[in-house]
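> Construct the entire structure; sequences and hints are all you get.
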Amino acid sequence: MLMAWWEAAALMIGAIMALMALGVPVAFAFLGVNIVGVIIFMGGMAGVDQLVDNASGALTTFTLVPVPLFMIMGELFFHTGLAMRVFDALDKGMGGLKGRLSYMTVGGGTLFATLSGSSLANTAMLGSLMVPDMTKRGYKKHMIMGPILATGGLAMIIPPSTLAVLLGSLARIDVGALLIAGLVPGLILACLYIAVIRIQIARDPDAAPGYAKERASASEIARALLVNVAPMGLVVFCVIGLILLGWATPTESAAFGVVSVVVLAALYRSLTFAAIAKALKGSLAVTAMMFLIILGSSTFSQILAFSGATQGLLAWATDFEISRYAMLLALLVILIVLGMFMDQLSMMMLTLPIFIPLITQLGFDPIWFGVVMLLALELSLSTPPFGMLLFVMMGVGPPGTTLGQVAAAAAPYIACSLLLIGLLTLFPQIALFLPGLAG
Amino acid sequence: MAVIRRAYDGVIFALVWVGCAMLASVSLLIVVDVVMRNVGQSPFAGTSALVEYAMLAATACGAPWLVRRGGHVAVDGLVKRLPPAAYGLMVRATTAFCAGVAGVLAWRAAVLALQAAERGQVDIRSITLPGYLAYALVAVGLGLCATEFLRLLFSGGPPKAQHGSAG
Numbered sequence: 001m002l003m004a005w006w007e008a009a010a011l012m013i014g015a016i017m018a019l020m021a022l023g024v025p026v027a028f029a030f031l032g033v034n035i036v037g038v039i040i041f042m043g044g045m046a047g048v049d050q051l052v053d054n055a056s057g058a059l060t061t062f063t064l065v066p067v068p069l070f071m072i073m074g075e076l077f078f079h080t081g082l083a084m085r086v087f088d089a090l091d092k093g094m095g096g097l098k099g100r101l102s103y104m105t106v107g108g109g110t111l112f113a114t115l116s117g118s119s120l121a122n123t124a125m126l127g128s129l130m131v132p133d134m135t136k137r138g139y140k141k142h143m144i145m146g147p148i149l150a151t152g153g154l155a156m157i158i159p160p161s162t163l164a165v166l167l168g169s170l171a172r173i174d175v176g177a178l179l180i181a182g183l184v185p186g187l188i189l190a191c192l193y194i195a196v197i198r199i200q201i202a203r204d205p206d207a208a209p210g211y212a213k214e215r216a217s218a219s220e221i222a223r224a225l226l227v228n229v230a231p232m233g234l235v236v237f238c239v240i241g242l243i244l245l246g247w248a249t250p251t252e253s254a255a256f257g258v259v260s261v262v263v264l265a266a267l268y269r270s271l272t273f274a275a276i277a278k279a280l281k282g283s284l285a286v287t288a289m290m291f292l293i294i295l296g297s298s299t300f301s302q303i304l305a306f307s308g309a310t311q312g313l314l315a316w317a318t319d320f321e322i323s324r325y326a327m328l329l330a331l332l333v334i335l336i337v338l339g340m341f342m343d344q345l346s347m348m349m350l351t352l353p354i355f356i357p358l359i360t361q362l363g364f365d366p367i368w369f370g371v372v373m374l375l376a377l378e379l380s381l382s383t384p385p386f387g388m389l390l391f392v393m394m395g396v397g398p399p400g401t402t403l404g405q406v407a408a409a410a411a412p413y414i415a416c417s418l419l420l421i422g423l424l425t426l427f428p429q430i431a432l433f434l435p436g437l438a439g
Numbered sequence: 001m002a003v004i005r006r007a008y009d010g011v012i013f014a015l016v017w018v019g020c021a022m023l024a025s026v027s028l029l030i031v032v033d034v035v036m037r038n039v040g041q042s043p044f045a046g047t048s049a050l051v052e053y054a055m056l057a058a059t060a061c062g063a064p065w066l067v068r069r070g071g072h073v074a075v076d077g078l079v080k081r082l083p084p085a086a087y088g089l090m091v092r093a094t095t096a097f098c099a100g101v102a103g104v105l106a107w108r109a110a111v112l113a114l115q116a117a118e119r120g121q122v123d124i125r126s127i128t129l130p131g132y133l134a135y136a137l138v139a140v141g142l143g144l145c146a147t148e149f150l151r152l153l154f155s156g157g158p159p160k161a162q163h164g165s166a167g
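For the protein sequence lines, the chains are W and F, in the order given.
FYI, the numbering for the first sequence is 1 to 439, going by our numbering.
FYI, the numbering for the second sequence is 1 to 167, going by our numbering.
To be clear, the hints were calculated from the coordinates, so they are not data collected in a lab.
None of the values given here were measured: they were computed from a predicted structure.
Partial list, derived from the structure: chain F residues whose beta carbon lies under 10 Å from chain W:
hint : residue
1    : L28
2    : D33
3    : V51
4    : G70
5    : V75
6    : L78
7    : K80
8    : A139
From the three backbone atoms N, C-alpha and C, an ideal C-beta is built for every residue, glycine too.
Here's what the structure looks like:
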């Protein structure tokens with residue numbers, strides 16, 4: 001053995017963290033450290049050739065295909081104006097309810113989450129749609145930003161979720177099962193968000209002023225929902241229904257999801273060449289960014305295993321005389337701390353090679369852990385100082401918004417995610433019930 | 001020189017549209033495949049192999065363009081707090097590092113592609129594809145990333161890093 005397991009682990013993980021801190025793009029930080037790692041642990045230039053071989057093999061796999069397809073779906077949904085139609089229809093249905101726009105954010109955002117796989121797009125869309133009206137109506141900042149931040153992150157949990165596909169394929173968890181396992185927890189989270197808004201309004205009635213709004217007639221509401229919301233059921237069916245029924249793999253259902261959005265946009269006469277081009281270009285940008293990170297980190301777990309770091313870390317972690325739930329808590333704390341400084345994909349790449357064997361050894365269900373990990377990743381999007389959604393929110397938030405205000409607005413919703421993680425630990429069936437039904 | 005630069009820029013942007021076309025084709029290919037299977041027709045044998053390779057090819061097509069527009073995700077919160085001179089130096093150092101990493105891997109991928117072509121290696125999937133193809137895609141993608149990083153390094157324009165992610 002060239003070096004002790006802890007030296008190897010410290011070298012590999014430390015070097016990646018150091019390069020990231022210096023601002024090296026994540027994909028190239030992984031590639032650079034991997035070059036050094038294979039030269040030390042896997043036999044010089046032959047190791048570099050093995051690295052190239054792994055890198056090319058890492059992406060030529062069918063399980064990653066839903067990622068760009070979910071991205072195209074979401075992008076098309078926004079660029080063709082279908083999202084606006086859904087939002088307008090829901091708006092009609094709400095009437096003059098106090099705090100209506102905050103509830104709308106959660107309702108509309110949850111629906112968007114079932115139609116789009118990107119939390120970035122979801123948050124940006126909700127922000128640009130809701131912030132101007134909410135500011136004009138005199139909503140307090142935390143009532144504007146909190147629901148938008150929280151609901152934007154739901155797209156990571158509610159299928160279709162690109163992150164769930166990546167997590168499933170990287171951790172070798174059944175991607176279809178992981179996708180549908182996120183549905184019920186995601187909906188529970190949305191309900192918890194509504195409860196938070198209700199409590200906040202009860203404690204401070206001025207936080208979300210009520211105002212008279214011309215109430216649409218029942219027939220108008222029914223027509224708006226029938227014309228603009230009900231047809232979206234086709235997309236939800238294609239993405240979730242086909243997997244649940246066992247008629248299509250996640251990849252196939254994602255392709256049907258894309259086609260269903262195209263068909264709907266064509267029926268609404270909003271399908272333009274410009275919208276398609278924008279959607280494809282946006283999807284290519286995110287896909288290439290994510291896939292290059294996967295390509296870059298493909299050999300990382302192998303080097304960790306080869307150097308003895310994985311086995312050493314596992315033996316060290318399981319040597320502690322603590323319960324498996326305490327260990328789970330430790331893993332979650334690691335994820336949350338990493339999430340303060342790092343993007344979600346990098347976190348997965350760094351932690352999955354250690355976490356998945358550990359979780360299996362501790363006897364937890366990998367699909368259940370996948371959902372818990374997605375929740376931790378979702379939560380980390382809103383934790384300061386570098387939670388990405390905080391910055392998106394500052395970009396689209398009311399003028400003069402500070403990072404501290406955004407973080408404070410997010411706090412009650414972060415508590416909801418933590419509460420849900422607790423519930424999932426007590427009642428794993430919340431997540432495992434649907435995958436069990438699908439067989 | 002200007003002609004070469006224009007041609008090079010044309011290649012980078014043409015590859016973006018090739019990548020977009022690949023993603024669109026993937027959606028259609030899969031849907032046609034499933035429909036044919038379910039109506040009792042035998043689907044095209046090459047679908048899964050072509051779709052799998054399209055993932056690598058689309059990444060190779062999009063990656064150099066992302067370098068140009070600062071689209072590769074990076075954690076730049078710490079370095080941005082440095083004084084301007086130190087920040088500039090750090091950006092140049094990290095850009096040079098990335099160019100080196102991409103260049104070394106592109107070189108090895110090109111060597112592997114040539115060796116695979118000489119030996120007549122094949123990749124047996126749902127259809128048989130040339131064994132050099134995957135290496136060649138990595139070589140082209142990372143090779144162009146390296147030239148883009150070098151272009152940024154010598155043009156003095158620091159790449160604007162992006163703090164972003166999936167989900």
